[in-house]
Structures are given as structure tokens and as C-alpha cells.
Amino acid sequence: EAGVTQFPSHSVIEKGQTVTLRCDPISGHDNLYWYRRVMGKEIKFLLHFVKESKQDESGMPNNRFLAERTGGTYSTLKVQPAELEDSGVYFCASSQGGRGASTEAFFGQGTRLTVV
Amino acid sequence: QKEVEQNSGPLSVPEGAIASLNCTYSDRGSQSFFWYRQYSGKSPELIMSIYSNGDKEDGRFTAQLNKASQYVSLLIRDSQPSDSATYLCAVSRWGNNRLAFGKGNQVVVIP
Chain A
1 EAGVTQFPSH SVIEKGQTVT LRCDPISGHD NLYWYRRVMG KEIKFLLHFV KESKQDESGM
61 PNNRFLAERT GGTYSTLKVQ PAELEDSGVY FCASSQGGRG ASTEAFFGQG TRLTVV
Chain B
1 QKEVEQNSGP LSVPEGAIAS LNCTYSDRGS QSFFWYRQYS GKSPELIMSI YSNGDKEDGR
61 FTAQLNKASQ YVSLLIRDSQ PSDSATYLCA VSRWGNNRLA FGKGNQVVVI P
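Residue numbers (the working numbering), protein chains in the order written: chain A, 1 to 116; chain B, 1 to 111.
I should point out that these hints are in silico values taken from the structure, not numbers from a laboratory.
Careful: at least some of the hints might be erroneous.
Now the stretches of chain B that chain A is said to cover, found in silico as 3 or more residues with beta-carbon under 8 Å [unchecked claim]:
#, segment
1, 42–48
2, 99–109
Residues on chain A that point at chain B, a partial pick, calculated with CB under 10 Å [unchecked claim]:
#, residue
3, Gln-6
4, Phe-7
5, Lys-41
6, Asp-56
We put the CB at the ideal spot given by N, CA and C, even for glycine.
If we strip away everything but chain A, and leave its shape as in the complex, we get:
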């Protein structure tokens, strides 16, 4: 069974440019999460999809970040325009089960984003 897949693994962009990160969750997992780790800090929650619906987006830093989950399958996270402080590692995770159940989440390898 394939795990959570993220693309690209690394991205270096200039301030002001746009970057789109992609996540393919484990097949059949309704829950999909985005997290981010900024250098020296802990991994922080960004948002949570249940199928194609945003369940919780309270961790999104600002409106430069836009997440979508087309048809409840893969998800994209777009940063537009990117700022220096957006640099970090963006993790995607997925889990089975629906809302109300605390289930074990499986993580992708992350996308390392560097904004210069």
C-alpha cells in the first residue's frame, strides 16, 4: 500500500512568487491534514479536510495560503505570494475514520520550501 506522497520534495522560489504543493493521501483515507515546521519550531497544524470539505482551517497563517482537495482525493496547498517567513517543511498527513474519531495519522516526507 502506498503511503502519503508529497510533491515536490524541495522547492526554492523567490519572494513574491507562487508555489503549489501537492499531497496524495493513503487511498481510502477521508481525513487529510497539512502541517508546517518552521526552523527551530515544533510542527504546527495548518488545516484539516474531511473528504473535500475543510473541517478546520484555524491554523492557516493568512490569506496567502489556499488549500483545496479536489473530489476528496489529492490536495494542493498554494502560497501566493510567498514571503520569506513561509520557508519551512510542509507535511501532509492522512487518516481513516470520520469526524469525532481520533485516529492515527500517517505522514508524508514533506516538502521543504525555501523562499529567497
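With the hints as your guide, set chain B onto chain A.
Then chain B, alone, in the frame of chain A:
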């Protein structure tokens, strides 16, 4: 106050010894507790989950949970060089699947 605290610095243990990692959390409503292992440049890998007070053992790993003290720990018995990694403590509430992570503890097992 951070949601999840892992205060210890890098932990060096001799091969075969026990590595002990501690984690405290601030949200008394937390119901699910996880330990992830992360090798450098790799994805966090779930190694233990615990939901009830007490101990839970899985192979060489034992997780301990004390909700009254808001404390969860991980013991690694018979440490191996392959256990050298960063260990992340994460907690969540029932009905809210978002995970709150600690900064992690680096473990170095010395052959």
C-alpha cells in the same frame, strides 16, 4: 504556555541501555497521545499511540500516560543504533483530530 512540551536536550544512550523521553501537555481535554519517530529528512513515523492511563508496551517501546499529571513518556529498551532519531510527542482531543506536537527530542544511541 506551549501545548506540548518536550524540554530535554539531545539524549545520548549507550547501546543496550534504556532511553527515557518525557512530554507534558497543557490541554486537559486531550484524549489521544502519540509518539512519532523521525529520521533526518524523512517523514514522522507513528511508533506508539496511547489513550488510557497506564502503560502500553509494543516490542521494545513502552508508552506511559498519566492524565492527572498531564504527562506522557516513552521508554526504549535495549536501545539500538537504529533508534537514533528525533522523537516527537503529539496529542489531540476526541472530536478534533488536529495534532499538537512538541519540538522533539533527539536520541543518539552510541555503539
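- Message: Is the listed coverage of the segment 99–109 of chain B by chain A valid when you require three or more residues with a beta carbon under 8 Å from a beta carbon of that chain?
- Response: holds (count 6)
- Holds or violated: Asp-56 (chain A) as interface residue toward chain B, Cβ cutoff 10 Å? Holds. Min distance 6 Å.
- When the least beta-carbon distance from Lys-41 (chain A) to chain B is tested against 10 Å, hint result: holds, 7 Å
- Message: Taking beta carbons only, do three or more residues of the segment 42–48 of chain B come closer than 8 Å to chain A?
- Response: With 5 residues close enough to chain A, the hint holds.
- For the hint on Gln-6 (chain A), just tell me whether its beta-carbon gets within less than 10 Å of chain B. holds, 9 Å
- Task: With chain B as the partner, please determine if Phe-7 (chain A) meets the hint condition of a C-beta pair closer than 10 Å.
- Result: Violated, about 14 Å.
Of the hints listed earlier, the one the structure fails to meet is number 4.
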